[in-house]
Every structure is written in C-alpha cells, then in structure tokens.
Amino acid sequence: MTNMGNNILYVMGIVAGLWLARNVHEIFLGLPDEAAQGAIYRILFFHLPSWFTCFTAFLLAGVSSILYLTKKNLVYDTFAVSAVEVGTVFTVVGLTTGSIWARIIWGIWWTWDPRLTWALITCIIYAGYLMLRRAIDDPTARAKNSAVLCIFAFASVVITYKAIDWWRTQHPGAVLSFRTGGGRMDPAMESILYQNFFALLLLTSVLVVLRMRQEAMSREIEGLRRHAHAL
Amino acid sequence: MDSRNFTYMFYGFAAAWLILALYVVSLVAREGRLRRELDSVKKMIGEASGK
Chain Y
1 MTNMGNNILY
11 VMGIVAGLWL
21 ARNVHEIFLG
31 LPDEAAQGAI
41 YRILFFHLPS
51 WFTCFTAFLL
61 AGVSSILYLT
71 KKNLVYDTFA
81 VSAVEVGTVF
91 TVVGLTTGSI
101 WARIIWGIWW
111 TWDPRLTWAL
121 ITCIIYAGYL
131 MLRRAIDDPT
141 ARAKNSAVLC
151 IFAFASVVIT
161 YKAIDWWRTQ
171 HPGAVLSFRT
181 GGGRMDPAME
191 SILYQNFFAL
201 LLLTSVLVVL
211 RMRQEAMSRE
221 IEGLRRHAHA
231 L
Chain G
1001 MDSRNFTYMF
1011 YGFAAAWLIL
1021 ALYVVSLVAR
1031 EGRLRRELDS
1041 VKKMIGEASG
1051 K
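The listed protein sequences correspond, in order, to chains Y and G.
Start counting the first sequence at 1; every next residue gets the next number (the working numbering).
Start counting the second sequence at 1001; every next residue gets the next number (the working numbering).
Treat the hints as calculated values from the structure; they're not laboratory data.
Warning: the hint list may mix true and false statements.
Claimed, not checked - Rough simulated footprint, nothing fancy, chain Y against chain G, three-plus residues with beta-carbon under 8 Å:
1) 1002 to 1010
2) 1015 to 1026
3) 1034 to 1048
What the hints assert, rightly or not - Distance windows between CB atoms, simulated:
4) G/Ser-1003 x Y/Lys-72: 56 to 62 Å
5) G/Gly-1046 x Y/Gly-17: 37 to 43 Å
6) G/Asp-1039 x Y/Ala-230: 19 to 25 Å
7) G/Glu-1047 x Y/Lys-72: 33 to 39 Å
8) Y/Trp-112 x G/Arg-1036: 41 to 47 Å
9) G/Gly-1050 x Y/Ile-124: 44 to 50 Å
10) Y/Trp-110 x G/Ser-1049: 56 to 62 Å
11) G/Gly-1050 x Y/Gly-128: 42 to 48 Å
12) G/Asp-1039 x Y/Trp-110: 42 to 48 Å
13) Y/Leu-9 x G/Met-1001: 31 to 37 Å
As the list claims (entries may be wrong) - Which bits of chain Y does chain G cover? Going by a derived footprint, with three or more residues having C-beta under 8 Å, they are:
14) 6 to 13
15) 22 to 33
16) 41 to 52
17) 101 to 115
18) 148 to 158
For every residue, glycine included, the Cβ atom is placed at its ideal position computed from N, Cα and C.
Start from the sequences, fold in the hints, and give me the full structure.
Listed below in structure tokens is the structure:
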C-alpha cells in the first residue's frame, strides 16, 4: 500500500475513533432516560448498530463473492473474506451485548427465540466460512468454494433480519422508523443509533482494508513458497 | 442519568469494546507474523537462487 493510502487509512481510523468517542458521550450524557429499563437500554446503541454493521459486511461479501464467480478476480475473494471476518466480530458483539441486555430485561442470558437462534446460526455459518478457507490449500478452489458458501450464507442474514416480523416471540419487534413508519422511538435516540452505525461502518472499512492487505500478503507468501519448491 | 442497571450497562459496553480491541490486537499480531514470514521466504528464495 502506498504512503498516501496508509495516511488515508490512519485518518479514517482516527475519525472513526473520535466519532465513536463523541457518540459514547452522547449515549451516556446526551440522551434522555428510558422509563422502564434504566441505564441498560443504552446498550442498544451498540447492539443494533453492531448488527447493521455485520449485515452490511455480509451483504458486501456476498456481492463480492458473486463478482468473484463471474470475473474470477481474486481481489473480490480477498474483499469477501475480509468483510466476513470483520462482520463475524460484530456478530459476536451483537450477540454478547444482546445477551447482557436480556439478563436484566428478561432475567435470562439466552433463550431459543427465533431471532436469537437465527442470529447464532448466522454467526456459526460465517465462522464456518472462515474455517472452510483454512481447510482448502489450493487458492482457486478455496476462493470458488467459499464464494458459493458466502452467497448461500446470506439467506441466514435475511432470515435473522426478518425473524422479528415472521415469528412474534420474545425478542422485541422493529422500532426504527424506516420499518415501522415512525412513532416507536424518540428521534434523538434514533439519530444517535444511526450515527453510531455510520461510525462503526467507518471503523469496519479501516479494518477490512487492513485485513485485505494481510490476505494479499498471505497470497504472496503462498506464491513464493510454491516458487521455492520449484527451485 | 438513571442509574438502575448501571453495572450491566457497563458490562455491555466493556464487552463490546473488549471484543473489538481483541480483534484489533489479533490483526496487528497477524500483520507482524506475516511480515516476518514473508521476509523469511524471500530470504530463503534468495539463498536458493544464489546457489
């Protein structure tokens, strides 16, 4: 990566960090209290944006996988694996923060509610994608097989997203105005929620680029090793 | 700020940041390992080509 590219990445990282710090300040001190839940409701400003972030990462990984299968350019595979890895981290953040919220509001850490179950399945499927890649040595076969899995895996994301509409059980229903038409959430709260999502998305972009650089380095090492064996 | 359930809210934020921090540390460690591996393979090829 060029110096210019590195500098842009540093700037993006710093902006994301400052933006997140400002959002945390707003979440703690700027937002009004919620009558029923107490302080715990403030977790939602990380819980929901984490899920939006991982869904976005998985969507982009799926699109990149389709592009890999049509164009056979390994850059798309590099992007897909990087986006999936970072997305999986945010899936773990979403599951963990949700579980801590549930401990207070529901009195339990976990229940086999359809939304929670599908969220866990999504996490396991994408972790499986990352494990599958480690099991295949040939770069082309690895890229092709994982691209197919990545495309089909996105079905699990759609089911997770729609689970609260299809099965009305324990997990709260939709609250954001783009899904409900408005009136379910204070506009100030919704605004911070989106701001935190965009800040996390910026952080995700930095992490994905860093991870892509590592994947390119791994590929270079693999190529050099093959060259060394041929000598 | 309403302080009910403050402890668990703290756990939630701490867990989110800890998971992200651990991932960033693992990325940095992997970057270092890959750089060392790349240097060593390049050196090995250089030595093999020189023979």
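Hints, one by one, checked against the model:
1. Chain Y is given as covering the region 1002 to 1010 of chain G, and this holds because 7 residues of the stretch bring a CB closer than 8 Å to a CB of that chain, at least three being needed.
2. Given as covered by chain Y, the region 1015 to 1026 of chain G passes the check, having 6 residues with a CB less than 8 Å from a CB of that chain where 3 are the minimum.
3. Coverage of the region 1034 to 1048 of chain G by chain Y holds [criterion: at least 3 residues with CB-CB distance below 8 Å; count 9].
4. For G/Ser-1003 paired with Y/Lys-72, a C-beta distance near 58 Å keeps the hint of 56 to 62 Å intact.
5. Range check, G/Gly-1046 to Y/Gly-17: about 40 Å between beta-carbon atoms, so the 37 to 43 Å window is met.
6. At roughly 20 Å, the beta carbons of G/Asp-1039 and Y/Ala-230 sit within the given window of 19 to 25 Å.
7. Checked against the given bound of 33 to 39 Å, the beta carbons of G/Glu-1047 and Y/Lys-72, roughly 34 Å apart, stay inside it.
8. Take Y/Trp-112 and G/Arg-1036: their Cβ atoms lie about 45 Å apart, and the range 41 to 47 Å holds.
9. At roughly 49 Å, the beta-carbon separation of G/Gly-1050 and Y/Ile-124 lies within the given 44 to 50 Å, and the hint holds.
10. Between Y/Trp-110 and G/Ser-1049 the beta carbon distance is about 57 Å. The supplied range of 56 to 62 Å therefore holds.
11. For G/Gly-1050 paired with Y/Gly-128, a C-beta distance near 44 Å keeps the hint of 42 to 48 Å intact.
12. As the Cβ distance of G/Asp-1039 to Y/Trp-110 is approximately 46 Å, the hint placing it in 42 to 48 Å holds.
13. Range check, Y/Leu-9 to G/Met-1001: Cβ separation about 35 Å, and the 31 to 37 Å hint holds.
14. Counting residues of the region 6 to 13 of chain Y whose C-beta lies closer than 8 Å to any C-beta of chain G gives 0; at least three are required, and the coverage claim is violated.
15. With 4 residues having a Cβ less than 8 Å from any Cβ of chain G, the region 22 to 33 of chain Y passes the three-residue criterion, so the hint holds.
16. As drawn, the region 41 to 52 of chain Y meets chain G at 5 residues by the rule of a beta-carbon pair under 8 Å; at three or more, the given contact holds.
17. Three residues within the 8 Å Cβ limit are the bar, and the region 101 to 115 of chain Y against chain G gives 3, so the coverage statement holds.
18. Beta-carbon proximity to chain G at under 8 Å applies to 0 residues in the region 148 to 158 of chain Y; the threshold of 3 is not reached and the given coverage is violated.
Of the numbered hints stated above, those contradicted by the structure are hints 14 and 18, listed in ascending order.
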